[in-house]
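Asks: Here the structure of chain A is known, so what remains is to put chain B with the ligands in place on it, guided by the hints.
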Amino acid sequence: MNSPALADIELSGVGKTFESEGREVVAIERIDLAVAPGEFVSILGPSGCGKTTALRMIAGLVEPSLGDVAIFGTPLWNRGRRNDAALARLGVVFQEPRLFPWFTIEDNVALPLRLRGQGEAARRRRAGELCELVGIGGFAKHRPNELSGGMRQRAAIARALAGDPRILLMDEPFGALDAITRDQMNLELQRIWRATGCTILLVTHSISEAVFLADRVVTLSLRPSRVHRVRRIDFQHPRDPDLPTDPAFQTIVRAIKHELAELGR
Amino acid sequence: MKAARRWLFRLLPLLMVVLFFAAWEGYVVFFKVSAFILPPPDRIVTAMVRLLQQRNVFMHVRVTLVETLGGFGAAIVTGVALGTVMAKSPWIERALRPFVVATQIIPKVALAPLFILWFGFGLESKIVIAAVLSFFPIFSNTFIGVRSVDRGLREVMTTMNAGAWPIFWLLEIRAAMPFILTGMEVGIVLAIIGAIVGEFMGGSVGLGNLAILTLQEMQVDKLFAVVLLLTLIGVVLYIGVSMLRRWLTAWHEAIGADERP
Ligand SMILES: Nc1ncnc2c1ncn2[C@@H]1O[C@H](COP(=O)(O)OP(=O)(O)OP(=O)(O)O)[C@@H](O)[C@H]1O
Ligand SMILES: [Mg+2]
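So the protein lines, in turn, are chains A and B.
Read in order, the letters of the first sequence are residues 267 to 531 in our numbering.
Read in order, the letters of the second sequence are residues 1015 to 1275 in our numbering.
No wet-lab data here; the hints were simulated from the structure.
Among the hints, erroneous ones may be present.
To be verified - Listed next, the stretches of chain A that the computed footprint assigns to chain B, with coverage defined by at least 3 CB atoms under 8 Å from CB atoms of chain B:
1. 285-291
2. 331-341
3. 346-356
4. 360-366
Just so you know, these numbers come straight off a predicted model, no measurement behind them.
Cβ atoms here follow ideal geometry from the backbone N, Cα and C, with glycine treated the same way.
So here's chain A without its partners, still in its complex pose (with noise of 0.2 Å):
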């Protein structure tokens, strides 16, 4: 394992356990991982085997149980309390957009400029940048409930990115596309990833999105939910749109696809 200063994210016998009406359900057994600065990688796992549950983890968004969550060699936790400035960089995109609906979509990608106290006319132009970025720049004044499912999805990825994030956690963030979207938001966030340098970290249950991203691959098991696996990914990156359809590629998909029937048993 890297050694935690050299990491973006380490994860070190990182446990969670949730206390429901008396009973224990273990969420994660117990996951060691480190993420470098720059890597970009996949999670897999059988449904219920804690992947949400992690990145909320590295999110900040609950607690371990056991063990230490890293960011950039910073404790997140210490009893109890968050070290906010850890998360500073760090962005978020979630399975829903998770918009405000209130907002227009502009407004909605400036929030995290906002809560720093940016003035507005910088805001603007930044959102404008971003908007165009993810491919809705003529929808900045739009609201929410004018676009439809994968506009709302860029725009929610489009506002991780405001705050200039080195770290992006993404789950499942296009498991509601159909698969033409999903394959050129794909090719969005491998330009993305490219273009900012930052660290992603992607949940996905599809096999061939998170070969075709990622520098390496994660698979988790279930009962006990630990690390299964970790695989790197050695095709040369830009990835070409034409790559699923190699038979090194398409190899290594069955291979895991076989791997997460196993695991899912």
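Replies: Below, chain B with the ligands alone, put in the same frame as chain A:
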């Protein structure tokens, strides 16, 4: 034939009102009801015209409006503030619950004489009564509104390290706005009632006071005119708040119920 039915359907409310007044007029004339008990509608219209020509009537209108809006404003400020604080803090919510339940149950109109005693016969006591009456719907709707703020949106704010004030100003108050304005629609009507009840109790100005005076002078037709004027004011204020609601929460009208946070 179909077109006639459609027109009838459209004009039905208006038609019923006309019918109602015609029946009223017919009843008074046919049974020779004394105008001291129930004046016919045409007498009320005449009285209304005379009332509006009276020089000081707009002073009365202004006083009642100031009391109503003053109390309503105070109820908005306190209701929204307390509703938000209680929705956010389980401790404060539990600590204040007995008092909140009490203020909901106490027949507040019965407290009006007490407020006259405490705050005098001037504007202040009426403003207080109007505020006390209109407080509850605004408070409870704010409470429910802030409580039901979508957890997902809260998490968005948390991951952006938002402080308490931005969370309130950019998320909670806006998400709760449709609730608050619905409470305000109920509240404005209660505020008018509060102001009039206060004027009944004491003082020498306001439309409620004018109503009492006209009754003492046995000018029943003028009493009806005053009530009509009060109704008109109420309608205008209610429509005002309704328009405010539709304008401030256009986003809420535009999205489907299933998408609402
Ligand atoms: N707040 C909570 N309270 C109690 N149990 C929870 C809570 N959150 C998650 N769990 C439990 O933890 C386990 C892991 O849940 P999690 O949402 O992390 O799974 P996941 O891998 O994201 O699944 P999916 O692929 O279906 O999204 C589940 O058994 C779930 O029931
Ligand atoms: Mg999940």
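Asks: Each hint should be assessed against the structure and marked as holding or not.
Replies: Structure-based check of each hint:
no.: 1; hint: 285-291; result: violated (count 0)
no.: 2; hint: 331-341; result: violated (count 0)
no.: 3; hint: 346-356; result: holds (count 4)
no.: 4; hint: 360-366; result: holds (count 4)
Checked against the numbered hints listed earlier, the structure breaks hints 1, 2; every other hint is satisfied.
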